[in-house]
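Going down the list, the sequences are from chains A and B. Just so we're aligned, residue 22 is where the first sequence starts under the numbering used here, counting upward by one. Just so we're aligned, residue 54 is where the second sequence starts under the numbering used here, counting upward by one.
Hints are computed from structural coordinates only; laboratory data are not their basis. One or more of the hints may lead you astray.
[Unchecked claim] Pairs of lysine-lysine residues, derived as DSS-like cross-links and limited to a Cα-Cα distance of at most 27 Å, are as follows:
1. A:K705 x B:K72
2. B:K141 x A:K604
3. A:K690 x A:K521
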Amino acid sequence: MIEHIKIQELISADYDGQASAEERRMIEEHLQGCVDCRKYAEGLSKLSAALRVWPDEGLSPDLERKIRMSLPAAQTKEGSQMKTQSRFITVGGGGLIVAFLVLVVSMQVYTQRGIQGRRKGAADNIGGQYPQAAMPEIKSKKQSAKAPQYEPYYRTTEYAASSVDRFQGQELLRMAYDKGDRFSPVSTKMTSFAMSETNVLPGGTTLAERSGLWNESLHNNLSFNTEQYNRIYENEFMEAAQNPLSTFSIDVDTASYSNVRRFLNNNQMPPRDAVRIEEMINYFSYDYPKPAGDHPFSITTKAAVCPWEPKHQLVLVGLQGKTLETQNIPPSNLVFLVDVSGSMDQPNKLPLLKSSFRLLVNQLRDEERAAIVVYAGNAGLVLESTLGSDKQKILEAVDNLQAGGSTAGGAGIQLAYKIAKENFIKGGNNRVVLATDGDFNVGVSSDGELTRIIEEKRKDGIFLTVLGFGTGNYKDSKMEQLADKGNGNYYYIDTLKEGKKVLVSELGSTLFTIAKDVKIQIEFNPSQVKAYRLVGYENRILAKEDFNDDTKDAGELGAGHTVTAMYEIVPVDSTETNVSVDKLAYQKTEVLPSDDLMTVKLRYKDPDGDTSKLIQQTVKAEDVSAEPAGDFQFASVVAEFGLILRDSKFKGNASYEHVLKGAGVSKGKDPYGYRAEFIELVGKAQALDTRTGSGTQGINFKGE
Amino acid sequence: MERPDEEVLKDYLGGNDEKAADMIFLRYKTRLLNFCLRMLGNRADAEDVTAEVFLALFARRYAFNPAAKFSTWLYTVARNQCISQIRKRKNVVSVWFSSKGGGDYEQMEAEDPRDTAGRELEKKEAATLVRAALAQLPYEQREVIVLREYHQFSYEEISQVVSCSLENVKILIFRGRERLRMALSSLIKEDQR
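Bound-form chain B, shown alone (with noise of 0.2 Å):
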């Protein structure tokens, strides 16, 4: 096994190690760059946020718990993040999303999802798909299918992340999937080939 994060962190923390800072980076830089594309859906705000949470990290600007697990702690630090960077952005145009162009970024939050995903469907490649179709997810539910999806976070990690019961959990990774499998149609049949 290697040594686990909350070892890492404490010789860092306790000045013993110089490396612990660096292999903390490699083990969660791109998870976490991946976190926050997933969340924000654009790269230089995912770019921003990932860099912001290792600057605050190394800086020792946030407390950590070292009762709790380092990386349920840093996912949240990161999906904090996340979020206030979504609210500032409330009011700004998201170009890559939406490829029609000067569309709304409210419809990252708002728009049904028959309505992008349904008509399109054909012309968009997967990924493309894919992404329009988290990001019309409101962020509630985007944030639990990612941390599940992609970062295999277990219920209870992601009621620690996201600060809600594991009921609240459960509903919202059921929703989420419900809209989710309604935006993604396509592929999920063309996959039953």
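Just chain A, same shape as in the assembly (with noise of 0.2 Å):
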């Protein structure tokens, strides 16, 4: 028996790494013959499983905050001390007060949406996160007898601010947190609560380890990760000679920047398949040519060398399409399909849709109109369509968006573009918005299901654009795919400074579609080309047949907008060596001399046509430049800093400290200070990065 204990407690340590080589002979040997030592072995590695069930939890964001206003930078360094020991003690406090606040808020979620519905997100979730289903056991002990009585704080009108595009959602959150108080007579109560409570607890408990329990299951909350991404493979480098023709289609979706920025901003680094390279690109618009002659966009083309891998050198291959001045903008037709399920009633998400949504209404013009579908449970018309002159009634109804019950997405689709079928109008932008996490568990919810019903009903000529919203329960997975059988966009809302680029600057753009069915098809030339790598676009790849077929759907370019890709090539005269497949044996194929690169070749149709055009245009061998400049450099840091991110195996000589340093030249003038993120967002993930091996290359900070 005491040879058991003792060898187990070698396991143990050998476990964990720490055994002598002559301990490991000792456990080895007993372990022939000793079936419960070994299944003690076994059961090591199933414990750690266990105890990872409690994941880790993040700082409330009211504390790090005040941690990081006392960090040195922010302020002297003598004299702090006395300073910061008081300091100390508002941190705990107000962080206690927050904590109940919030809860309030995440009560609420819960008791609307009802456990089955967190269990079925739990059960769908393919990340690998272990189901965090522990908080019902403690909350109906105490909360649930309180919790029903509160109106969530958002359903108040004060909530309504209109002043709220001065501050980014980040700042609106927190101010849904911080100043619950003022917004609903729910916290305020909460907090005398609370302060009571202090006093009558029995047995000597504070008012420390109560809300140490709210905050607790709030944070449970918080953690409760079901997002769904799909896995990205990324595009591997092809032989130009066996595969001279790359074939994809246009992506204008922005979504997984402004998702990974939710991230950063989180302090977290995002999941490697919520990133895709395209759409980071994509986010920022470059200063392209502006189109001249019959078609509705410019193509632009440049080449340097790659900037993370100079051995290979970088194409660049951008659209610009063409702008309409506002009048000449075609009316819009708008159906706001928006999901009230129990899920989107969280503060990051039906407030900040409806904020975003007012800024949209506040743009549309007399002649327009706008429907509001909502979807929970039952599909329900909450305004039927409704002239632009009448902004007042539709304000009215995005205010009165209520959230509660489950999803029934299938039908809300179904009917939201029966009413914009109703109200179509003709050469018009006759569009389907729909607003929501992704989560839809009722009616038809099946992915394929959805997107049949979509490619069924984008033929009548309307477009949808699909509005993300929120975290922990994102199916970013299911977003994109409508988006992309929608003739869609794809955007993710974190902020409302995201709210007003998508549905202000952007609504003459992308709400606008001037070109639909985009294909890009690049020719290489195998006597300049060994081989080449389309940089993201990993969902968009089509076949090379795909072109010429006009009955497969492709992506819509708006007016205004400009669509960037990238490949990395490499060069005829590279030793690199690829896996390559052997020669034919029938076939022999000539190269033909040329001084092209390679071929651009790009279809599209009119947004009310079936047939598509042609444009052709070559890139010459002798146009690489030495080094991208301008906003070729600047797409090029941000592809690199996404294959940082990704942790990508073509991420070359990639590092932040590029990144940076190619961001900061590159800047230009960036009006908007989407640029200036960027860089911001840059430094985030450089320190948050703990990935060995990724990122900085022996490089030091700060780039000397």
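Put the two chains together into one complex, using the hints given.
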């Protein structure tokens, strides 16, 4: 018996890699004949796994801000000691109260959404995190009795402060947390409840412990992670001799960038599969020449040495859609399809959505139309199609949106398309704007069936814009697919600023399609190019036959929009060897001598057209410049950042330093501050990234 | 490779780098908070201690030995704070560990695992169970287990943080695991399905 214990002690140490060779031999010898100890050994990894059911939690934003405020950078070095001390007390106290307030909100979510919804979400989860279903137990005891009496804070109208666009959504969220008491009687009650409880709790319980409990379940709630992303398999290098053609559909979505931003602003590294490099590149607009001639867009090609792999070259293909004068923009017929299921009942979802919509409604011209369809449990028409001249009515309907129930996305989509069709404006911008966290769970909810409905509807000339909201339960995979199939765009709205960018600044561009089914096919010249790799666009790759096949759906280009794609190219004189296929026995392919690097071919249809038009352009080998400059450089550093975040095997020498340096140089005028924000995000990622070997390859911080 | 903590800290101490403090904070805030959470078992205390450690660090209230590894040193500070917190709270009720309410804090130290865990296995959800299981460990075992299982510290590092011998770390971890195994037997079995 004693021997077993001794051995198990060794096994435990060995499991942690701390046993000597001698000890390991002893263990092995013993395990040969001892089933119990073998079981013990196996049990250790199970124990570790079981322990991880308690996931890491995040610092509450309030506390974090307060600690940061006292960081040396924010104050003078001397004399801070006393101050810190006293500040510390507020830190603790403030945190507690906030904890309470926040909890009120989260409780509501819980009560309304119901635990089943949660569980289902968890079962769907392919992200690999343990479902965290521990809360109901604790909660039911302490909270459920009180929770339902209170209204969520944002149901009160005060929340609809119209100055919201002055601060970003992060702020919006914090405001929601911090100022909860101002907005609702609920929280005030809660606060006073909290205060009084300090006195009445039996057994000397302090408020601290109480709120520990409350806050705890809140954070469980937040760390409840059932976000879904489709796995991205990165494009590989293709040998130009074997596969001279590369075909893909354009993608003007930008959701991935704002989603990545949301993660980084939460001080988390984004999951690899949340990083779609093309959407990061296309988040920014670049200064390409305005289209001239018959085609609705211009094509720009540029080539330079690849910044993250000096042995390679980088080729950029940029499209610039024509811009429309505001008065020439055809009128819109919009149907907002709003997910008001219980899962939307969070400050960064429905309230943010309402604020964003309000901005959009205020932009509507008199002859334009808007309708609102909600779906949750049942799909319903909240606002029949109303002229833009009656803004008050539309705004009221937006304000009255409330969350509750489960999500029947399918029926909602059907109804929205029906209304869009009834109010169809010929030659106008007919569009369903779907706002959701993507968690459909009632009725038609299989991805396949939903996309089939949408594919069918797009034939009517109605486009789809998908706006993603929220965290924790976010179904990125589904939403991107919907937008893709519905001739649409997909955005992720993490902040009100982003809502403004998408719905107001780009209203003229993304909401009015100037070309649809835009496909790009590139033919590489094997006498100049050994191999190539399309950076990003993984889920937009088309077969080479699809290019000339007008029945094949592809991406849409909005007015004023820019789209950018990049290829990493291995020059023909490179000594690198790719895994190659044996030479064909019965065919001989002849390479025609040419100085061309490649030919870019582009097909598109007019918004109401059925047959595609073709544009061609060649890139010469001598066009390759030493280094990407200007917008090309900025696009390349965004791609480089994406490669680092994805921890791509193609990242080469990519480093945060290099990205920061390049972005700093190529920032340009940056009138809206998007590029400055990018630089900030890179800094954040750099500080957060603890993966070894990622990013900074032996180069010092700050670029020295 | 990213810049090692020690270097960042050197820059910070030398006053060369304004961002250094922020960087240290970003790197460690989640880790420290979770260390404290698992040590103390409640969020309020854990946040208090986390804040205190950072504030103390940035107010330079502790001398950092440049020869030591920064992470080990920082955890040592946090660990010591946690223990004084535990001592302070010794006579106070900890609510969220015990769904029975009004349970004595002592239970965190003393109660037999087979009682709390064993009986309530079926109705309790996994995470609560893990919390309870960790909570019932004596803190000497809890700290080594947390450092090992959640923070992947080596025995060597652990022995520095909790200042005891390697041999002792080994035994503490082994005993801690024994207790956890019993407390979490239902979870572990479930895993085998």
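Consistency of the hints with the structure:
1. For a cut-off of 27 Å, the pair hint linking K705 of chain A to K72 of chain B stands: about 11 Å separates their Cα positions.
2. Between K141 of chain B and K604 of chain A the CA atoms are separated by roughly 77 Å; this puts the pair beyond 27 Å, and the hint is violated.
3. For the hint linking K690 of chain A to K521 of chain A, the alpha-carbon distance of about 20 Å falls within 27 Å, and the restraint holds.
The structure does not agree with numbered hint 2 stated previously, though it agrees with all others.
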